[in-house]
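Student: One line per chain: the protein sequences are A and B, in this order.
For what it's worth, my numbering labels the leading residue of the first sequence as 1, then goes sequentially.
For what it's worth, my numbering labels the leading residue of the second sequence as 1, then goes sequentially.
Calculated directly from the structure, the hints in this document are not laboratory data.
Virtual Cβ for every residue (Gly too), placed ideally from N, Cα, C.
Take the hints with a grain of salt, since some may be wrong.
Said to hold, decoys possible - Partial list, computed: chain A residues near chain B (C-beta under 10 Å):
no., residue
1, Leu-16
2, Val-19
3, Leu-21
4, Asp-25
5, Gly-26
6, Glu-29
7, Phe-31
8, Ala-33
9, Asp-35
10, Met-37
11, Pro-42
12, Arg-46
13, Phe-48
14, Leu-49
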Amino acid sequence: MTPSDAGGTTPAGESLDDVDLGLLDGIRELFQAADPMPADLPERLRFFLALRGLEIEVARLAAEERQPSLAARGAEVSRTITFDSDSLTIMIRIDPNLDGTARVDGWLAPPQRREIDMKTTADSLTVTSDEQGRFAFARVPRGTAQLVVRSEDSGPGGAGRSVVTPALIL
Amino acid sequence: MIGVDDRTPARVRAGQPDRGKRIAGLMDAARQGSEDALGQIVTELTPLLWQVARAAGLSSGDTEDVLQTVWMRLLDHLDGIHAPAALTGWLVITTRREAWRVSAAARRQLPADTEFLSLLPDQGPGSEEQVIIDDQRRALWQAIGQLSPRCQELLRIVAFVPRPDYAVVAADLGMPTGSVGPTRGRCLAKLRALLASDDLEGSSR
Numbered sequence: 001m002t003p004s005d006a007g008g009t010t011p012a013g014e015s016l017d018d019v020d021l022g023l024l025d026g027i028r029e030l031f032q033a034a035d036p037m038p039a040d041l042p043e044r045l046r047f048f049l050a051l052r053g054l055e056i057e058v059a060r061l062a063a064e065e066r067q068p069s070l071a072a073r074g075a076e077v078s079r080t081i082t083f084d085s086d087s088l089t090i091m092i093r094i095d096p097n098l099d100g101t102a103r104v105d106g107w108l109a110p111p112q113r114r115e116i117d118m119k120t121t122a123d124s125l126t127v128t129s130d131e132q133g134r135f136a137f138a139r140v141p142r143g144t145a146q147l148v149v150r151s152e153d154s155g156p157g158g159a160g161r162s163v164v165t166p167a168l169i170l
Numbered sequence: 001m002i003g004v005d006d007r008t009p010a011r012v013r014a015g016q017p018d019r020g021k022r023i024a025g026l027m028d029a030a031r032q033g034s035e036d037a038l039g040q041i042v043t044e045l046t047p048l049l050w051q052v053a054r055a056a057g058l059s060s061g062d063t064e065d066v067l068q069t070v071w072m073r074l075l076d077h078l079d080g081i082h083a084p085a086a087l088t089g090w091l092v093i094t095t096r097r098e099a100w101r102v103s104a105a106a107r108r109q110l111p112a113d114t115e116f117l118s119l120l121p122d123q124g125p126g127s128e129e130q131v132i133i134d135d136q137r138r139a140l141w142q143a144i145g146q147l148s149p150r151c152q153e154l155l156r157i158v159a160f161v162p163r164p165d166y167a168v169v170a171a172d173l174g175m176p177t178g179s180v181g182p183t184r185g186r187c188l189a190k191l192r193a194l195l196a197s198d199d200l201e202g203s204s205r
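Full structure from sequences and hints, please.
Tutor: Rendered as structure tokens:
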């Protein structure tokens, strides 16, 4: 490597030749094969970082059930998942859409109107639950997703924390 | 197979001239709160940091915890880091320090010679050309296993560092700036000597 390759900041003593560089390439390939990083790790770290600064409550997975889907043929199943946090229970049902996306219907208990984000690997989707606590995302791309029930903006002394679920694979 | 994630080697190997500019732009955007820019930096540099933590002997679970900690900590330091090479260096050093702290009570050794070899995936039977490549790969793997733990760790880390950042990162790893080349060169020189010798079992030369 010549100093110009590194913007002229390479300290003296930089003396790798092509054989060295080839060896380093070989070493990288070997370790990539012997000890590969889990492919989804960067994505999970991105999800984790996106939660920073939020005053959050992390919901726990309380129950998950699968039953044959009425909407689609074949091996597709619909899943019902319940998450519990100190202030809120979130129940969702995930049904496959025919176009390969998923439909997510959800309920908040106790029932309340809240803004809810579905963070996905693509865009983040946002809906608002109705007074009965019901909400729905009609088409969510397959892959990793995570629900964030945003904090209530007002309310004297009200619980002001967002509730997030663990990452889900849709 | 070699090259599980074949985007990374290409990107690292090419040492694209605009990589520095691109990363610097992402750093600026991340400083201003861009989630996406930060995410792209995470995607770009996490494969390197994985190797740094694993080279310190951490389990995969511990490695993931350490990387969460490191990236969170970066958010508090991003304002003070401007050059892309400095970013790589900061991440490598912080990951390494955190990994050694976590593994302090646990096993500190790198895999022994034989263990090292067993990590290498079996390539299975292949064409004659493949057999030659496999032999070379096996010889390299075996030679790495004979280096000192310090050299093994150093070469493993440096091999994943984007090329324009080599010098800065090697200096950050605790070597006086003036001896960056020679010091790293010593590990590489030993490796080259081992590969040139006939001592390696299985090297068909």
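Student: Of the hints stated earlier, which fail here?
Tutor: none
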